[in-house]
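Engineer: Sequences listed follow chains A, B, C and D, in order. This note's numbering runs 16 ahead of the 1-based position in the first sequence. This note's numbering runs 16 ahead of the 1-based position in the second sequence. This note's numbering runs 16 ahead of the 1-based position in the third sequence. This note's numbering runs 16 ahead of the 1-based position in the fourth sequence.
Intra- or inter-copy, both count: the list cannot distinguish identical chains.
In silico SDA-like links for lysine to any residue, alpha-carbon gap of 25 Å or less: (1) K242 <-> H139; (2) K138 <-> F324; (3) K242 <-> Y325; (4) K137 <-> I124; (5) K284 <-> Q296; (6) K137 <-> E313; (7) K300 <-> Q135; (8) K300 <-> P311; (9) K352 <-> G45; (10) K181 <-> N240.
Don't read these hints as lab results, they were simulated from the structure.
There are 4 protein chains.
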Amino acid sequence: MKRLRGFASDNNASVHPLVMDAITSVNVGHAIAYGGDPITEEAEKLFKTIFGNETHSIFVYNGTGANVISIQALAQSFNSVICAHTAHINVDECGAPEKLSGCKLLPIDTCDGKITVDQIKKHMHGFGFEHHAQPKVVSITQATELGTIYTPEEIREIANYVHSKGLYLHMDGARLANAAASLNCSLADISIKAGVDVLSFGGTKNGLMFGEAIVFANAELAENVKYIRKQSTQLHSKMRFVAAQFIALLKGNLCIENARHANLMALKLANSIKGIAEIQLTQKVESNGLFVILPREHIQALQNEFFFYMWDENRGEVRWMTAFDTTEDDIEAFVKVLKEIINS
Amino acid sequence: MKRLRGFASDNNASVHPLVMDAITSVNVGHAIAYGGDPITEEAEKLFKTIFGNETHSIFVYNGTGANVISIQALAQSFNSVICAHTAHINVDECGAPEKLSGCKLLPIDTCDGKITVDQIKKHMHGFGFEHHAQPKVVSITQATELGTIYTPEEIREIANYVHSKGLYLHMDGARLANAAASLNCSLADISIKAGVDVLSFGGTKNGLMFGEAIVFANAELAENVKYIRKQSTQLHSKMRFVAAQFIALLKGNLCIENARHANLMALKLANSIKGIAEIQLTQKVESNGLFVILPREHIQALQNEFFFYMWDENRGEVRWMTAFDTTEDDIEAFVKVLKEIINS
Amino acid sequence: MKRLRGFASDNNASVHPLVMDAITSVNVGHAIAYGGDPITEEAEKLFKTIFGNETHSIFVYNGTGANVISIQALAQSFNSVICAHTAHINVDECGAPEKLSGCKLLPIDTCDGKITVDQIKKHMHGFGFEHHAQPKVVSITQATELGTIYTPEEIREIANYVHSKGLYLHMDGARLANAAASLNCSLADISIKAGVDVLSFGGTKNGLMFGEAIVFANAELAENVKYIRKQSTQLHSKMRFVAAQFIALLKGNLCIENARHANLMALKLANSIKGIAEIQLTQKVESNGLFVILPREHIQALQNEFFFYMWDENRGEVRWMTAFDTTEDDIEAFVKVLKEIINS
Amino acid sequence: MKRLRGFASDNNASVHPLVMDAITSVNVGHAIAYGGDPITEEAEKLFKTIFGNETHSIFVYNGTGANVISIQALAQSFNSVICAHTAHINVDECGAPEKLSGCKLLPIDTCDGKITVDQIKKHMHGFGFEHHAQPKVVSITQATELGTIYTPEEIREIANYVHSKGLYLHMDGARLANAAASLNCSLADISIKAGVDVLSFGGTKNGLMFGEAIVFANAELAENVKYIRKQSTQLHSKMRFVAAQFIALLKGNLCIENARHANLMALKLANSIKGIAEIQLTQKVESNGLFVILPREHIQALQNEFFFYMWDENRGEVRWMTAFDTTEDDIEAFVKVLKEIINS
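With the sequences and hints as input, model every part of the structure.
Structural biologist: Here it is as structure tokens:
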């Protein structure tokens, strides 16, 4: 029998009670569908408050949807998109970016999920050469799929370089809040204000039931996005229920609080296993995930009690994710079982 | 100031309280994402009970998603899809079917939203001729976009013909429950059991917050659908919240009750306006919508008080939709205002 | 045993001897591939002479390629393309336009292959409505697939209307030369100069071995076309062999002469069968094709001796095409056999 | 003033005189279009003689077309295609494979353009995991884009492994003849008979004007290819002119002779520059290309007299290709100028 809460993913978590309250509270009467309602209008205004008045935001169902719509808004099918080899768009979306945008993805090998200007530079050739998919978008993930984080300076450096070459910078911010909490920055400081052109802003991994946002640095970039969203099957009819969730997340400080708590639990877990010789952390713990190599016989034993995923079968690396609802008790129970297994 | 409830669309309605209860009741602890949880398993079993043990069902976000995934499961890009000119896939999905499946749509002109075997026959040529997109799917809507309904016999006749030609029959059942309530049939009787191969089964228009299902007549047809769903951006992570809604809808009789009520309200409205000379019904009222021509000066006046949409600008035709939460008072208030406008 | 030359299609014809001479004459030494050679440069200049200095032309393999590249240059995937139901893009390209552009095609029923402003108007709605594929291109065929012809005035009227709505006008000019010869106009007068934005200009049906051109009214419209051409698999490496053919066709008057001869042969055939009661012409003979209803028993007998195609199985309508290499003897032989069959 | 023949690419070469003769010799009368003519039938039979009776071959325009049609025949959009990073499908087709097939390409880094079973193995994971594009095709190039060659044993080993995993093996044989000539094998021995499922067989780089073939190991694999070819814009109307070229190439020994000569010229060039300290060969010379690093100041000087391309700007590497029409005089002239430049 598995525990109530595991470490598989932050999208295994529940819906935050305040978010659930917001959902039920807007369930009154009729509202114009597809975003023409006052709650969606309020949410859109709130996004302007947070990301800047010149930004334009829309809501979609999920992260894959946010990412493929972002790419379509920025690129044509003969373009290419540069990203980390580990990027969600490259390995976790079953080829949705290629299918929906027609673009080629150019993955960059990384150790920590982060890419650098020097690595991007290697793809800056073939402009004007028709045989070559034309580079148009660089996509970075914040926090990365390996739990690491770009500083505002690092993002700015990439943005400046990318813009100097006539490309756009996209950020997959499925866990942007975790990065912001970790850096003690605002959401905008490490995305739009650092030079990001289009941001996929995650909600589901941070306490929502469903719903992600796409934030465009300006309205021009969003010119055709309503058609792209609809044609990409990502337009929800009863939009007030997405908008209300984002309002609950962003109106107070819930977004950062949730993320900070998840980060803290990850740190607590990291501290708790420090010194266990059989366990090797493979990445810095900068947000809400641990990447860990441990003996294979222990992995299976631990998975009998807690949900979590193998990350790299070849080297016996697993991923432990914390969430807004992970408790100190969860961590202690987990570490207790882990130690028992290792010492048995 | 608009009224709380209008007649714009059944997707302007709220979430049914029992559905909302189901949502909040599953918000406990963690659950495996993407459908690996016990609630989704329960919902899948429930669908087998309803549609047949040999069927296979999956959950997606919305109707456009259900339709384009269905087409991709049945056809390759060099195929064509035959449907009514008024079909949602043809006029309300911003070209999503063409973009995601690559298929050509072959629209058939209809007066009442229903297509016939004779009309389908006209497209049964060019097989084996490589210049011609090869017909592979016929798609019908139940209830149709014009509120009319196919009888089980009509569906069976189309299915038999379609299968005799080596094609598949798809049903867009965004309002299947309204058709079932109207015909006093089961959901299965007027879809899978009448010969439908793949069914888009609607939830959002019948009291859900979000979520539609795709029902495959057998597992073979669903062979690759999990990849298609993911690549089409329609895979939800916190799947339990979709599954729980469908369980609430289908476990008792809520699905049919909701639909029956909406149908009744449409009938009540139709009866209330009978005899008003300025108003002409253009379609039979068989489900939960009225299609009505009335003087243009009255339309605007009425829209000042109630939400509803122009259907055909050219001939001054509007659509009035009822929903599970439309009340008798709503109908009476609407008719009262309508009569005042006409008589003023 | 079939005759040397039939009436199946102008693409069953041979390569004109002057075109073949041009091909062999450029087969000397090496030339930069993909159009960087002096022969292609010369051809491009020739196109400017003919269609206007502000135009920009590229070469592709075939008509389907020219059409789908044109659409991609003018529209995005959420757009729609309005055309005659009989248009090559709608019925003879196996869904290539939908697959490669993602666009929806909106076919208009026509009796003679020509569409009118009034018919286009019916599709001029839903602008800004995200559920609706946004109209962006009107595509007309000159001469039409039914052998009829738009006058310069008719084209101008369509172009003016189309432009007033913010759309583009595409012309499928697979048989543009036949139209020009028939109207005694220049190629430009009935295309670019009449308001066409992008023209698919046919070569293969008028004596070339392979090769079509796309003429853009200005360089801006052609901005990304070299990438679109490559990604659509339509970029030929040994381009000099396409360019040389077009030079042979266009430098003298061969293009018009070939077309005029084909048209003349069609007229001769039409005149020869006038008065035969069993034969009914269904279209005006304005270019190089006849559309004819005749008793089914005669069709098969005639097909035993000459190649030609059934056009409409339902009403027993066949198509007889003439080509630049059809001779008076061919016509006479054909008519002789035809009369023998009818009188037997 | 550049020389008549350069070293830019084998597709800068002319058309072989025997191929041109074949073209002109079939230019008689009419022939059924799209491959229904006796010359195409003859060519298809000839392909069966060469590649095996159970194979099925079709003709297309160019190599990009052959490759993207092959991928579409073998894979669905949720699949991935594993290939060398240097593969033509990965770097020289402007994203056509992604756009037309929707598949993800998984490039493998290689030093010599060849991939190994061990490298393929690293991508053999995620089967059944819907977030992951499902591996379905491995594509190798013979001879590779770097001029190297797979032995029959190497191909067989890859084929066996690929088939054991339920994948297909595609070969891009744009220069298959050069590989066959180099290995002294038949065309079939190093492709279909070594386990290749679908072969893109090149003609244009070996003396044709235009035209490539796709050879399917069996008819089942080719089941839908005629529709795919048409929808991918690769169906030529006057097919006899493609078929005649392939007959000329394959009926005698012209295919191998042309390739052998080109290979010999490459070897001669390699031998002529041996011992020049400023020049470093980066790849084995196994077919008709040399990859060479030389001082940048010399590159420009040499390019003033001969066409050839920079291969890798970063490390100052150029590519020198020979062709069937490269003469010993061309080599000597080139080496003479090269030495003068180096010694000046």
